[in-house]
Amino acid sequence: MSIQFVTREIGSLAKPSWRVKTFAGRPLEDNDVAEAERWGKRLEVDGYEELVEGLGRGTLERSEIDDWAAVYALRLLERAGIDVVYDGEQRRTEMYDHVAAHARGFEPRGTVRSFDNKYYAKAAVVEQPSVTGSQDVDEFRFVRDHTDRIVKVPLTGAYTMVDWSYDEHYSREGALGASAERRYDARRRFVADVAEHVIRPNVEGLVNTDAQWIQIDEPAATTKPDEVPLVVLGFNAATKGIGPEVKKSMHICFSDYSALWPHVLELEDCLELQLEFANRDSRELGTRDEDRPGYRDTLRLFKEHGYPDVGLGVLDIHSDFVEPSALVRDRILYAVKTLDDPGRIQINPDCGLRTRSWEVVYEKLINMVEGTRLAEEVLNRTSAAAARA
Amino acid sequence: MTEQLESDFRELVSVQEQAGLDPLSDGMLGAQDLFRPLAEAAEGLEARPLTRFLDTNTFYRAVLVDGEPRLRKPLPPPDLPGGRWVGTLPSPYAFARAADGRVSAGALAANVLAPQIEAWSEAGCALIVLAEPFLAREGEAGEALAPLTKLPQSVPLALQLVFGDASRLLDELAEAPIAAVGVDFYLTPADALPEDYPKEILAGVVDARSSALEDPDVITRFVEELVPRRPSGISLVPNGDLQFVSEKIAREKLVRLGRARQTIGEAVSA
Numbered sequence: 000m001s002i003q004f005v006t007r008e009i010g011s012l013a014k015p016s017w018r019v020k021t022f023a024g025r026p027l028e029d030n031d032v033a034e035a036e037r038w039g040k041r042l043e044v045d046g047y048e049e050l051v052e053g054l055g056r057g058t059l060e061r062s063e064i065d066d067w068a069a070v071y072a073l074r075l076l077e078r079a080g081i082d083v084v085y086d087g088e089q090r091r092t093e094m095y096d097h098v099a100a101h102a103r104g105f106e107p108r109g110t111v112r113s114f115d116n117k118y119y120a121k122a123a124v125v126e127q128p129s130v131t132g133s134q135d136v137d138e139f140r141f142v143r144d145h146t147d148r149i150v151k152v153p154l155t156g157a158y159t160m161v162d163w164s165y166d167e168h169y170s171r172e173g174a175l176g177a178s179a180e181r182r183y184d185a186r187r188r189f190v191a192d193v194a195e196h197v198i199r200p201n202v203e204g205l206v207n208t209d210a211q212w213i214q215i216d217e218p219a220a221t222t223k224p225d226e227v228p229l230v231v232l233g234f235n236a237a238t239k240g241i242g243p244e245v246k247k248s249m250h251i252c253f254s255d256y257s258a259l260w261p262h263v264l265e266l267e268d269c270l271e272l273q274l275e276f277a278n279r280d281s282r283e284l285g286t287r288d289e290d291r292p293g294y295r296d297t298l299r300l301f302k303e304h305g306y307p308d309v310g311l312g313v314l315d316i317h318s319d320f321v322e323p324s325a326l327v328r329d330r331i332l333y334a335v336k337t338l339d340d341p342g343r344i345q346i347n348p349d350c351g352l353r354t355r356s357w358e359v360v361y362e363k364l365i366n367m368v369e370g371t372r373l374a375e376e377v378l379n380r381t382s383a384a385a386a387r388a
Numbered sequence: 000m001t002e003q004l005e006s007d008f009r010e011l012v013s014v015q016e017q018a019g020l021d022p023l024s025d026g027m028l029g030a031q032d033l034f035r036p037l038a039e040a041a042e043g044l045e046a047r048p049l050t051r052f053l054d055t056n057t058f059y060r061a062v063l064v065d066g067e068p069r070l071r072k073p074l075p076p077p078d079l080p081g082g083r084w085v086g087t088l089p090s091p092y093a094f095a096r097a098a099d100g101r102v103s104a105g106a107l108a109a110n111v112l113a114p115q116i117e118a119w120s121e122a123g124c125a126l127i128v129l130a131e132p133f134l135a136r137e138g139e140a141g142e143a144l145a146p147l148t149k150l151p152q153s154v155p156l157a158l159q160l161v162f163g164d165a166s167r168l169l170d171e172l173a174e175a176p177i178a179a180v181g182v183d184f185y186l187t188p189a190d191a192l193p194e195d196y197p198k199e200i201l202a203g204v205v206d207a208r209s210s211a212l213e214d215p216d217v218i219t220r221f222v223e224e225l226v227p228r229r230p231s232g233i234s235l236v237p238n239g240d241l242q243f244v245s246e247k248i249a250r251e252k253l254v255r256l257g258r259a260r261q262t263i264g265e266a267v268s269a
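Protein chains in written order, with numbering that gives the first Met the number 0: chain A, 0 to 388; chain B, 0 to 269.
So here's chain A without its partners, still in its complex pose (with noise of 0.2 angstroms):
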């Protein structure tokens, strides 16, 4: 049987300009309209000359222009050609607001650094946390009914929700000198908490209109290496009673994941770990380990435990380097050649793109579809020679 390997995105991809403004309250200028009409073309996203003519006049609703950012955004990914889309976010503010701005418990306490000169806001909890239902069901049922692809619903995992707040509640009082079976179990009925109460009722709403795959995006997995067990805890009560028809995995990234193992070993029925490897390896070809720095400590720790598989990132999403297909081949031949089975491997970026341009991010992912079948021609022709022999 030949192999082939499954491409999918991770999460976000940027926003057009038409949407950022649009729901900034900012006027459009003629090269935000030039855009929608440029990109429409180029994805050749049907009926785009409606959006196009509506941003002109300022006829469309809100609802309007962040359904036309999705429709993109899903035409994007699949001209690319990646297997398994969803629709880059479009309607979310980002990953940590989205659910802290609609469960109850959360109240923002202004916004902080996150690397660099960008920022992020940021809620402290102030009681325990729950939504009143699913909140990602209609942006699914847009995606399903929008692509015939198979589609993967992204949603920021417990842990990282109590990682990235502060708690003015769990651990209100005492902080000072408190022990560390105190601060741990703070930590603990926190995470368990927006497991159950938030990202739940969430999933189970995603299920219930027949999502067939769930990623619980985790990346503040390892910031604090003694708590791993509580992302676990987190994913396992966040996918609790989810039957093993529906597909679940975790992303991480940016991660010391040598602190992963062996806690994942307790995942339940998560299908894998999609991870961020290209941006800490070299770009130079190769598949020896000197030429694979950023895979090499990782996959053997996936070699070596066995579970879960492998969503192998290929796409360092901080640069505009655009990784040749050469390279990405290389990257997944490598990984091939460490696990010594195809079958756990499957092709992703390492994380969301949604720092790069939409230009960047539709080379980078043409080339990381091409890349793929170049490792997989690489792989099959090995493997018909050696069934010859």
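Don't read these hints as lab results, they were simulated from the structure.
Take the hints with a grain of salt, since some may be wrong.
Keeping only pairs whose Cα atoms sit at most 35 angstroms apart, straight-line, the calculated DSBU-like set for lysine-lysine is [what the hints assert, rightly or not]:
{"hint": "1", "chain 1": "A", "residue 1": "Lys302", "chain 2": "A", "residue 2": "Lys336"}
{"hint": "2", "chain 1": "A", "residue 1": "Lys20", "chain 2": "A", "residue 2": "Lys40"}
{"hint": "3", "chain 1": "A", "residue 1": "Lys20", "chain 2": "A", "residue 2": "Lys117"}
{"hint": "4", "chain 1": "B", "residue 1": "Lys247", "chain 2": "B", "residue 2": "Lys149"}
{"hint": "5", "chain 1": "B", "residue 1": "Lys198", "chain 2": "B", "residue 2": "Lys72"}
{"hint": "6", "chain 1": "A", "residue 1": "Lys239", "chain 2": "A", "residue 2": "Lys223"}
{"hint": "7", "chain 1": "A", "residue 1": "Lys223", "chain 2": "B", "residue 2": "Lys149"}
{"hint": "8", "chain 1": "A", "residue 1": "Lys246", "chain 2": "A", "residue 2": "Lys117"}
{"hint": "9", "chain 1": "B", "residue 1": "Lys247", "chain 2": "A", "residue 2": "Lys117"}
{"hint": "10", "chain 1": "A", "residue 1": "Lys223", "chain 2": "B", "residue 2": "Lys247"}
{"hint": "11", "chain 1": "A", "residue 1": "Lys336", "chain 2": "A", "residue 2": "Lys223"}
{"hint": "12", "chain 1": "B", "residue 1": "Lys247", "chain 2": "A", "residue 2": "Lys20"}
{"hint": "13", "chain 1": "A", "residue 1": "Lys302", "chain 2": "A", "residue 2": "Lys246"}
{"hint": "14", "chain 1": "A", "residue 1": "Lys223", "chain 2": "B", "residue 2": "Lys198"}
{"hint": "15", "chain 1": "A", "residue 1": "Lys302", "chain 2": "A", "residue 2": "Lys239"}
{"hint": "16", "chain 1": "A", "residue 1": "Lys246", "chain 2": "A", "residue 2": "Lys223"}
{"hint": "17", "chain 1": "A", "residue 1": "Lys246", "chain 2": "A", "residue 2": "Lys336"}
{"hint": "18", "chain 1": "B", "residue 1": "Lys72", "chain 2": "A", "residue 2": "Lys117"}
Got chain A; can you put chain B on it based on the hints?
Below, chain B without anything else, positioned relative to chain A:
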């Protein structure tokens, strides 16, 4: 320095002065992360892969090495009164850790940090804080101590153990060529501080990762637990950079730190 940066800097200094803090800090407002200014000012180093800091939702650019590291030109001193300002640099161990072991902490201490410290010393720096975000979590004190011997002693040095339990390190750090040790007392129990400790303690009593505002009375009571252990001195500080809370909260935390210091009196500084 851009106009906005200059304005923010003046505002920050004003807040510190109103809170009675001394020495003053420039808040590293112009630094993208702890390592990047020095990495960019040195030959043989390059800041590139984005890497998540343990324990905070922030990132730094990991340091790549393509030659013998050497400081080309020292970072300029902040525009603060001579003898009354504190400078912050990465500790040699942390710097090497940010380079993922591609260069030794000793080489970074001797060729990059030492000339930088000398330059700031000549510019009137009163104290240099060597920020150390890794050691309390994963390293041995011995690994961090050796490279410290390569640093000049022309200005007092403090090793600040950011966001970590310092308990297991304090004994060995008593022998280090530093004047002070910064301890996060949100993660380190008070009784972990050995009695008659020979170094000044920069007591992290304001939680830089929490939006909750500290009660000055609680800080005061906690410091009263530390005083009987008789370290060579106690200064009150945040347990890490206040960049992890919004500007409004950071400002209020500094005010409360100043209030606690005033309540406690001359036994401690802030």
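Quiz item: Do the alpha carbons of B:Lys198 and B:Lys72 lie within 35 angstroms of each other, as the hint requires?
Solution: 32 angstroms, holds
Quiz item: Given the proposed pairing of A:Lys336 with A:Lys223, does the C-alpha separation stay at or below 35 angstroms?
Solution: OK: A:Lys336 and A:Lys223 at ~32 angstroms, within 35 angstroms.
Quiz item: Does the structure keep A:Lys20 and A:Lys40 at a Cα separation of 35 angstroms or less?
Solution: 21 angstroms, holds
Exercise. Measure nothing beyond the straight line between the CA atoms of A:Lys223 and B:Lys247; if it is 35 angstroms or shorter, mark the hint as holding.
Key: 26 angstroms, holds
Exercise. Please work out if B:Lys72 and A:Lys117 have their alpha carbons no farther apart than 35 angstroms.
Key: Satisfied, since the Cα-Cα distance of roughly 27 angstroms is no more than 35 angstroms.
Quiz item: Given the hinted pair A:Lys223 and B:Lys198, is their alpha-carbon gap at most 35 angstroms?
Solution: 29 angstroms, holds
Quiz item: Is the straight-line distance between the alpha-carbon of A:Lys302 and that of A:Lys239 35 angstroms or less?
Solution: 27 angstroms, holds
Quiz item: Are B:Lys247 and A:Lys20 close enough, with their CA atoms no more than 35 angstroms apart?
Solution: 28 angstroms, holds
Quiz prompt | Restraint status (C-alpha distance of B:Lys247 to A:Lys117 at most 35 angstroms) | solution = Cα-Cα ~18 angstroms, so holds.
Practice problem: Compare the distance between the alpha carbons of A:Lys20 and A:Lys117 with 35 angstroms, and conclude whether the hinted pair is satisfied. | Solution: Holds - the C-alpha atoms of A:Lys117 and A:Lys20 are around 19 angstroms apart, at most 35 angstroms.
Quiz prompt | Restraint status (C-alpha distance of B:Lys247 to B:Lys149 at most 35 angstroms) | solution = Violated. B:Lys247 to B:Lys149 sits at ~39 angstroms, over the 35 angstroms cutoff.
Exercise. Please work out if A:Lys302 and A:Lys246 have their alpha carbons no farther apart than 35 angstroms.
Key: 21 angstroms, holds
In summary, the structure is inconsistent with hint 4 from the numbered list given earlier, while agreeing with all the others.
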